[in-house]
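Engineer: Here's the letter readout for the chains.
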Amino acid sequence: MKHQILSRPAASVAKLKMDDGESLTCEVGAMIAMTTGFEVETTTRKKGAKGGGLGKALKRMFAGESLFLNHFTATNNGQSLIIGPRMLGDVLHFPLTGGSLIVQGSSWMASDTDIEIDATWQGFGKALFSGESIFWLKCSGEGDLFLSSFGAIYEVEVDGEHVVDTGHIVAFEDTLQFNVTKAGTSLIGSFLGGEGLVCRFSGHGRLFCQSHNPPGFGKALGPKLKPR
Amino acid sequence: MIEFSCPSCSKKYRVKDDVAGKKARCKECGAPMPVPDVAAATSEAAAGMDAGSSEVLTGSTPHFDYEISQRPDFALISINLEEGQKIFAEPSAMASMTPTVTLKAGFKGGLGKTLGRALGGESMIINTFTADNGPGEVTFAAGATGDAARYTLTGNSLMLQRGAFMLHSEGVEVSGKWQGAKGFFNGEGLVLLKASGDGEIFFNSYGAILSVDVTEEYIVDTGYVVAFEDTLNYNISVLPGLRGGSKLKTLFFGGEGLVCRFSGQGKVWIQTRHVQSFLSWANPYRPSTSR
Numbered sequence: 001m002k003h004q005i006l007s008r009p010a011a012s013v014a015k016l017k018m019d020d021g022e023s024l025t026c027e028v029g030a031m032i033a034m035t036t037g038f039e040v041e042t043t044t045r046k047k048g049a050k051g052g053g054l055g056k057a058l059k060r061m062f063a064g065e066s067l068f069l070n071h072f073t074a075t076n077n078g079q080s081l082i083i084g085p086r087m088l089g090d091v092l093h094f095p096l097t098g099g100s101l102i103v104q105g106s107s108w109m110a111s112d113t114d115i116e117i118d119a120t121w122q123g124f125g126k127a128l129f130s131g132e133s134i135f136w137l138k139c140s141g142e143g144d145l146f147l148s149s150f151g152a153i154y155e156v157e158v159d160g161e162h163v164v165d166t167g168h169i170v171a172f173e174d175t176l177q178f179n180v181t182k183a184g185t186s187l188i189g190s191f192l193g194g195e196g197l198v199c200r201f202s203g204h205g206r207l208f209c210q211s212h213n214p215p216g217f218g219k220a221l222g223p224k225l226k227p228r
Numbered sequence: 229m230i231e232f233s234c235p236s237c238s239k240k241y242r243v244k245d246d247v248a249g250k251k252a253r254c255k256e257c258g259a260p261m262p263v264p265d266v267a268a269a270t271s272e273a274a275a276g277m278d279a280g281s282s283e284v285l286t287g288s289t290p291h292f293d294y295e296i297s298q299r300p301d302f303a304l305i306s307i308n309l310e311e312g313q314k315i316f317a318e319p320s321a322m323a324s325m326t327p328t329v330t331l332k333a334g335f336k337g338g339l340g341k342t343l344g345r346a347l348g349g350e351s352m353i354i355n356t357f358t359a360d361n362g363p364g365e366v367t368f369a370a371g372a373t374g375d376a377a378r379y380t381l382t383g384n385s386l387m388l389q390r391g392a393f394m395l396h397s398e399g400v401e402v403s404g405k406w407q408g409a410k411g412f413f414n415g416e417g418l419v420l421l422k423a424s425g426d427g428e429i430f431f432n433s434y435g436a437i438l439s440v441d442v443t444e445e446y447i448v449d450t451g452y453v454v455a456f457e458d459t460l461n462y463n464i465s466v467l468p469g470l471r472g473g474s475k476l477k478t479l480f481f482g483g484e485g486l487v488c489r490f491s492g493q494g495k496v497w498i499q500t501r502h503v504q505s506f507l508s509w510a511n512p513y514r515p516s517t518s519r
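Listed in order, the protein sequences are those of chains B and G.
Numbering-wise (the working numbering), the first sequence opens with residue 1 and increments by one.
Numbering-wise (the working numbering), the second sequence opens with residue 229 and increments by one.
These are computed hints drawn from the structure, not numbers from a lab.
Ideal Cβ positions, reconstructed from N, Cα and C, are used throughout, including at glycine.
Accuracy of the hints is not assured; some may be wrong.
[Unchecked claim] Which bits of chain B does chain G cover? Going by a derived footprint, with three or more residues having C-beta under 8 Å, they are:
(1) 5 to 17
(2) 21 to 32
(3) 110 to 117
(4) 221 to 227
[What the hints assert, rightly or not] Calculated pairs, DSS-like style, for lysine-lysine (alpha carbon to alpha carbon, straight line, at most 25 Å):
(5) 314/G x 422/G
(6) 332/G x 17/B
(7) 2/B x 17/B
(8) 422/G x 332/G
(9) 226/B x 2/B
(10) 495/G x 2/B
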């Protein structure tokens, strides 16, 4: 599978060239355009997996992803597929080589069908406790991973400690330890300061952040919209 | 940005393009390492695919000279008119103009065509900008952030998605075209605009515009179609290659909605974002009615 990220950074899409038998699992609604040599399958579970699908699907839904996944399998050589996110922002390609990447739920866009996507990971409880509806998916295995951001994506090489607002996290390598805490010294102070909760990373590893925070934009936009 | 790793300890680096080819020392292990050339670092990406670019598009036509700048996110179209030359634009698209240009609003092309345009999601009024008092410049920008593109009509027709039309030169007619049952389910508007004649047409998108040369068949989600040449046949359908019984599942649960299946020879322009899908993201943030 060959890929190219086009029209960066605000209107980015991923263009994929796939050969016979290669397949990609995508977030629902990610497909923009494609050639005709694809078989498309919608499931609640990893392609080819038997049983246990619904439980994982429900967890994925809690993680801000849709209950369903679309699998695109090329049935011919030289097929092309264009996928893109909903929000204005960038697309990041991350080649997984056996390790694991923790991805913020709504930033996951597509991955190689061989990659295991798990929302049942033990860090789940920690994130749940934070109250800021942050849910993370653990992606592991080998293959290509495509992530999306709201705004630009920047990378931080963490060596020691680093603090990021929970809304600005896209993904991080699981070699990093983390702790969800309040930003300031007092709980009231940190909420009045508008910073809410932060993630305190430590150890060695790569961290990907987004320049803008989607819920932050939603809250700025909401009061100006017609009531439901 | 160039991405590479240290040859001795394989620590990964990302550096700016202007240090390409220079020698550096690894921060981790102290070994000397050369920074690869931009060309070498991006050769994989360049392998035979066209990039949606930020290139400024300029050119001259028999009707006027033009420039499309600030692409692909905030496209701005400047039209340079010589004395007496005209450009026709969708209302509210004008951003600025020199005082030599006069603006006249009006219905164009008779009642039938005007109503057709209105059904196609465009205004009934078309503004005419004329350089009456010497050469002038008019700039245009679309309502949504995104890209713009130009197309030259030479007696053929171009079909435009609802809301995509921006400007046209003299010699071009824009009218609504009823799609009948074909457009009925797609929720993207029942009418496509049809531009035909001899001249220039400019259209806009939400997100960047990518152009695709269709030689046999190509599939585009209906929400992402911006324009296509009328040499192409098209069909609205669900995603292909599905086994019997699973069609409806992909349609309703797969979220891909309906797709436009093009066949024949011609060009299709697609946009990289969809307003409707942004709106469905924003919807939960709307305040609820207090009763």
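Engineer: Hints first: check each against the structure and report whether it holds.
Structural biologist: Against the structure, the hints:
1. 5 to 17: Contact hint for the region 5 to 17 of chain B vs chain G: holds, 9 residues under 8 Å.
2. 21 to 32: Held - the region 21 to 32 of chain B has 4 residues with a Cβ nearer than 8 Å to chain G, which meets the minimum of three.
3. 110 to 117: violated (count 0)
4. 221 to 227: holds (count 6)
5. 314/G x 422/G: holds (21 Å)
6. 332/G x 17/B: violated (49 Å)
7. 2/B x 17/B: holds (5 Å)
8. 422/G x 332/G: Holds, at about 23 Å.
9. 226/B x 2/B: Violated. Residue 226/B to residue 2/B sits at ~44 Å, over the 25 Å cutoff.
10. 495/G x 2/B: holds (23 Å)
This entry does not satisfy hints 3, 6, 9, going by the numbered hints stated previously.
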